[in-house]
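A.B. asks: Protein chains in written order, with the UniProt record's numbering: chain A, 1 to 505; chain B, 1 to 114.
Hints were generated in silico from the structure; no laboratory data involved.
Treat the hints with care, since some could be wrong.
[To be verified] Straight-line C-alpha distance at most 27 Å; calculated DSSO-like pairs for lysine-lysine:
1) A/Lys110 x A/Lys22
2) A/Lys110 x B/Lys72
3) A/Lys241 x A/Lys195
4) A/Lys130 x A/Lys69
5) A/Lys69 x A/Lys22
6) A/Lys123 x A/Lys112
7) A/Lys22 x B/Lys72
8) A/Lys241 x A/Lys226
9) A/Lys112 x B/Lys72
[Claimed, not checked] If you want the ones that stay clear, here's a sample from chain A, every Cβ over 12 Å from chain B, calculated:
10) Glu12
11) Pro15
12) Glu66
13) Glu136
14) Gln160
15) Glu234
16) Glu299
17) Leu468
Since this is a predicted model, take the numbers as computed values, not measurements.
Cβ coordinates follow ideal geometry from the N, Cα and C atoms, glycine included.
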Amino acid sequence: MSGATGRVLLVEDTPTQAEVAKAHLRDLGHEIRAVETATEALEVARSWDPDAILLDLELPDFSGLEVLKTLRAEGSETAVIVITANASMNTAVEVMRAGATDFLPKPYPKAKLVFTLQNAMEKRALVIEKRALESELQAARALTSRQGFMGFIGASPAMQAVYRTIENVAASRANIFITGESGTGKELAAEAVHKASPRAGKPFVALNCGAIPRDLLESEIFGHVKGAFTGATETRLGAAKQADGGTLFLDEIGEMPLEMQVKLLRFVQTGSFQPVGGSRPEKVDVRFVCATNRDPLAEVEAGRFREDLYYRLYVVPIELPPLRARGQDVLLIARAFLTQFSREERKRFRSFTPEAEGAILAYPWPGNVRQLQNVVRNVVVLHEGERVEAAMLPATLLRAGPRAAPAPAAIPTAIPTALAEPAMPAAEPAPAAWQPPPEPAPAPSAEPAGIEIMPLAEMERRLILAALDQTGQDVPRAASLLEINPSTIYRKLQSWRGAKQRVTA
Amino acid sequence: MSAIDPSIAEQLAQDLPPADFRRIIETFEDDLGRLAVQLEAAAVAGNWDGYQRAAHSLAGAAAAVGAVPLEKAARVAMDPRSPHPPAVVVPVIRDCAVAALRELAALAARSPGA
Numbered sequence: 001m002s003g004a005t006g007r008v009l010l011v012e013d014t015p016t017q018a019e020v021a022k023a024h025l026r027d028l029g030h031e032i033r034a035v036e037t038a039t040e041a042l043e044v045a046r047s048w049d050p051d052a053i054l055l056d057l058e059l060p061d062f063s064g065l066e067v068l069k070t071l072r073a074e075g076s077e078t079a080v081i082v083i084t085a086n087a088s089m090n091t092a093v094e095v096m097r098a099g100a101t102d103f104l105p106k107p108y109p110k111a112k113l114v115f116t117l118q119n120a121m122e123k124r125a126l127v128i129e130k131r132a133l134e135s136e137l138q139a140a141r142a143l144t145s146r147q148g149f150m151g152f153i154g155a156s157p158a159m160q161a162v163y164r165t166i167e168n169v170a171a172s173r174a175n176i177f178i179t180g181e182s183g184t185g186k187e188l189a190a191e192a193v194h195k196a197s198p199r200a201g202k203p204f205v206a207l208n209c210g211a212i213p214r215d216l217l218e219s220e221i222f223g224h225v226k227g228a229f230t231g232a233t234e235t236r237l238g239a240a241k242q243a244d245g246g247t248l249f250l251d252e253i254g255e256m257p258l259e260m261q262v263k264l265l266r267f268v269q270t271g272s273f274q275p276v277g278g279s280r281p282e283k284v285d286v287r288f289v290c291a292t293n294r295d296p297l298a299e300v301e302a303g304r305f306r307e308d309l310y311y312r313l314y315v316v317p318i319e320l321p322p323l324r325a326r327g328q329d330v331l332l333i334a335r336a337f338l339t340q341f342s343r344e345e346r347k348r349f350r351s352f353t354p355e356a357e358g359a360i361l362a363y364p365w366p367g368n369v370r371q372l373q374n375v376v377r378n379v380v381v382l383h384e385g386e387r388v389e390a391a392m393l394p395a396t397l398l399r400a401g402p403r404a405a406p407a408p409a410a411i412p413t414a415i416p417t418a419l420a421e422p423a424m425p426a427a428e429p430a431p432a433a434w435q436p437p438p439e440p441a442p443a444p445s446a447e448p449a450g451i452e453i454m455p456l457a458e459m460e461r462r463l464i465l466a467a468l469d470q471t472g473q474d475v476p477r478a479a480s481l482l483e484i485n486p487s488t489i490y491r492k493l494q495s496w497r498g499a500k501q502r503v504t505a
Numbered sequence: 001m002s003a004i005d006p007s008i009a010e011q012l013a014q015d016l017p018p019a020d021f022r023r024i025i026e027t028f029e030d031d032l033g034r035l036a037v038q039l040e041a042a043a044v045a046g047n048w049d050g051y052q053r054a055a056h057s058l059a060g061a062a063a064a065v066g067a068v069p070l071e072k073a074a075r076v077a078m079d080p081r082s083p084h085p086p087a088v089v090v091p092v093i094r095d096c097a098v099a100a101l102r103e104l105a106a107l108a109a110r111s112p113g114a
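Model the full structure from these sequences, guided by the hints.
C.D. replies: Shown next, in the form of structure tokens:
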């Protein structure tokens, strides 16, 4: 015997029998709880998640067989040893068919109880280990087969198209333009292009244009020489130089100021640039991969993005579908996150119940994979057990109705989705745990009382400022609470400051 | 005929520390006292469900300590097809219970550490 200890739930309504069992188990080191009714047995089994249950069949409220069937129907993998007196072979067959791990007729000597319990617990440990290995194998397969690709997980037709495009263009020198909503994995796609390309051995340098103050962007991309501006105490290489021979990923390219776009265009056309304060141009060999969550053509039409730069960069478009358009991928990804986070957090979660998977499938995931990742981590951190129950998921997921048919893979909207979502109603207290953003606002008649109706932009402003207040002006944490990129907050703050200055000027 | 099956009760006494064995006998004694009252009250009141429940618990308690004759008598009481009315069965159960307790007490006194 391995001597492994665990939680043992004793379900026995006769005190003498219970006392005998407890006395037999006392020196084995198990944590033991005892209940006398079937109702209590179900409650404790669900909340305490025992490793083994010693279950009497004849209980005062309803039968132990019903307890066993209920637990198995709920997906419990707890080892259940049915103990009963005067049992017939038929009873033994019936309970084993119902999912009992073993069967022990009363009265039993201590050695038999200990042996049976140990066997059952070892059997259960093997089942759990097997499930974990299968899950890891599935995740590994997802990463190497068409259930996944270069870090992506997903087998949907939309993702198959993405994988094919990345493979086909990786070897070329063509610039790539990635579009997709926030949280769809644009940086992952950029890295995949790089890793699949002959440049894989060279640097991949990512720069978020929206997260860098306008005045520093040129220096970040092209570098600067010592003394180029106040504070430039050292010569510093920019991203362009660092990426020489490799790939330069410019995320949120749509946030780049127009004057900077001119300099970038020259760089894209000639491969050469001049560091800030420098006197001579430098030439590098860089492949450009850009990304935005806006519609780039609409940005061009609106005059916010240079058309010539657009055509230089938008050579091979890769469009990442939102999670709601990826069908069953959401479950593959959720399971992979569950395996990963359970291992990281040293929890026992192995799977989702069918109800939980139904809720995950039904939810539209406006924050895409990043939101799903947060939800799964939240569940793993806050709960215990082997299976994620629907009740463990954030209430917003459970309130969501069946989602609409997957949207066709269209160019994403000009507004980042996370911000396009309505804000949390002011009347609701801030949840202690993370909650995904609520569903789109219901019709006026269905609105809860107490919500102050105001322009969406104003609500957005208030919410961002409230998040900043709550986090002590910590932009990354506020962004995390709001499920948006920190750059979005910087951009908003800048635009509000600009508006204020225009008013006061 | 012995009121307890020595292979069961002595096995218990061997498997467990004397304190545990004594606690089991005390628990059994408590069970008997409580269940005998419930059984007789249910019989007098004609409460068949209560009578069966008490008999079932008695059978379970008796089986745990190897009080086989008591267990058998309780199972007769549990059986709805039994031809023996409570007026016949209850006194038998009472006698078996007393005999079982007496033999268990003697066994506990003989066990090491007593």
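A.B. asks: Now look at each hint and say whether the structure bears it out.
C.D. replies: Hint by hint, here is what the structure shows:
| no. | hint | in the structure |
| --- | --- | --- |
| 1 | A/Lys110 x A/Lys22 | holds, 10 Å |
| 2 | A/Lys110 x B/Lys72 | holds, 23 Å |
| 3 | A/Lys241 x A/Lys195 | holds, 19 Å |
| 4 | A/Lys130 x A/Lys69 | holds, 23 Å |
| 5 | A/Lys69 x A/Lys22 | holds, 25 Å |
| 6 | A/Lys123 x A/Lys112 | holds, 16 Å |
| 7 | A/Lys22 x B/Lys72 | holds, 25 Å |
| 8 | A/Lys241 x A/Lys226 | holds, 16 Å |
| 9 | A/Lys112 x B/Lys72 | holds, 23 Å |
| 10 | Glu12 | violated, 8 Å |
| 11 | Pro15 | violated, 5 Å |
| 12 | Glu66 | holds, 17 Å |
| 13 | Glu136 | holds, 42 Å |
| 14 | Gln160 | holds, 61 Å |
| 15 | Glu234 | holds, 76 Å |
| 16 | Glu299 | holds, 78 Å |
| 17 | Leu468 | holds, 63 Å |
Checked against the numbered hints above, the structure violates hints 10, 11; every other hint is satisfied.
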